[in-house]
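Asks: Residues per chain, in single letters:
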Amino acid sequence: MNAYRLLGAGIGCAALLWAAAASATEKPEDNYRTYCVQCHGLQGDGKGINVRDMSVQPRDHTDAKEMAARSDEDLFKAIKEGGVAINKSMLMPGWADVLSDEEIRGLVAYLRELCQCTHGK
Amino acid sequence: MKRLKLTIRSVAGAALFGIVLGGSVAIAADGEQLLTSQCAGCHNLTGPAPATLQALRDRKGPDLFYAGNKYKAAWVEQWLQKPQSIRPAGMFYGAHIKPGPKGDEIDAATLTQHPALKADEAQAVTAALMQRKAGSELIAPGAYTPGTISLSTGEMMFDKFRGCLACHEIEPGYGGRSGPEVYTAGARLQEDYLISYLRSPQAWDPKTFMPNKHLSGADLQKFVHYMRLLSEEGQP
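Chains as they are written, first to last, in this note's numbering: chain P, 16 to 136; chain W, -17 to 218.
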């Protein structure tokens, strides 16, 4: 009886862990291609299919000079909470409802690859 | 709530019984049959919504397992007989774009025409679709209170204040193109569903690329007024 209960609890835990792992982490590039390319473009140059009628153009993520001027914390904050959180346009949405902190950190690293830059250089 | 569920169950039960008896509800049976044979290849009729990006990208048509909570039946029946594009860049825009000289472009050659149904088929299929009521717990019946808004205030909210225009067209050829056109949303979608969806798109579709804009209760109402107004404007 007890053994059964234990077994049941074990399976329950495993199922929970599995579900968490399954929904938690997607690859940064896949997240970028799903959530960001619509505005920031296939090449990350800010020329997505949505930009035609946008009053503020999306940041060119390949622009090393502009991107080097931002700290990783600012990039993280902009992605998580939206442009407004770093005094930028609210046309840049926040993604906290679909991306975990870990995934957002992955995206910050991915942006650093796109611009081939780090903060300050 | 419980009472509602019970009613639905007994209605479904009665329908099944009718089918067994071969009565007048046989129409519903044809609808189900059409759905499984002609629609299930592209539409998810049983749930759940995509839980991974792979599943999101592979989705060939909108999920229909909560159609009865989402669409206006009259619109579905009409649209199925004369389907017209709703999403300028298809289901997943990423599969229908290519780089161009001035930036990304929609690759129109990859978009296909939706199959059309005859009037009696459309009627039967619509009845079967409206039975699909997953997600009822996310909807508060009567959440929307009819009211008015001016076109200019609505557009100001949709564009300047909330940035929705970035992804949605408010008239053909004006606005963003990764999301569905919204100038027909008021005709297509139930008001209480709109309130629920706009409050949390992720509650319906966890991986969707429509962001949660954390709208206030008052804004939710105003956006639905605006969508209804846009749809009325669009009528010839």
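Keep in mind that the hints are not guaranteed to be accurate.
[As the list claims (entries may be wrong)] Calculated lysine to any residue pairs in the SDA-like style (CA-CA distance at most 25 Å, straight line):
1) W/84 - P/88
2) W/204 - P/44
3) W/80 - P/67
[Unchecked claim] Now the stretches of chain W that chain P is said to cover, found in silico as 3 or more residues with beta-carbon under 8 Å:
4) 32 to 46
5) 57 to 67
6) 106 to 115
7) 143 to 155
Derived by calculation from the structure, the hints in this document are not laboratory data. None of the values given here were measured: they were computed from a predicted structure. Beta carbons: idealized from backbone N, C-alpha and C, even for Gly.
Asks: Take the hints in turn and mark each one as holding or not.
Replies: A quick look at each hint next to the structure:
For the suggested pair residue 84 of chain W and residue 88 of chain P, the alpha carbons sit about 31 Å apart, so the restraint of at most 25 Å is broken. Straight-line distance between C-alpha atoms of residue 204 of chain W and residue 44 of chain P comes to about 36 Å, which puts the hinted pair past the 25 Å bound. Note on residue 80 of chain W and residue 67 of chain P: the hinted pairing holds, with a Cα-Cα distance of about 15 Å set against a maximum of 25 Å. Only residues whose beta carbon comes within less than 8 Å of a beta carbon in chain P count, and the segment 32 to 46 of chain W has 5; three or more means the coverage holds.
Coverage of the segment 57 to 67 of chain W by chain P is violated in this model, with 0 residues showing a Cβ closer than 8 Å to a Cβ of that chain against a need of three. With 0 residues having a beta carbon nearer than 8 Å to a beta carbon of chain P, the segment 106 to 115 of chain W misses the requirement of three or more and the stated coverage is violated. For the segment 143 to 155 of chain W, the stated coverage by chain P is satisfied: 6 residues place a CB nearer than 8 Å to a CB of that chain, which reaches the threshold of 3.
Checked against the numbered hints listed earlier, the structure breaks hints 1, 2, 5 and 6; every other hint is satisfied.
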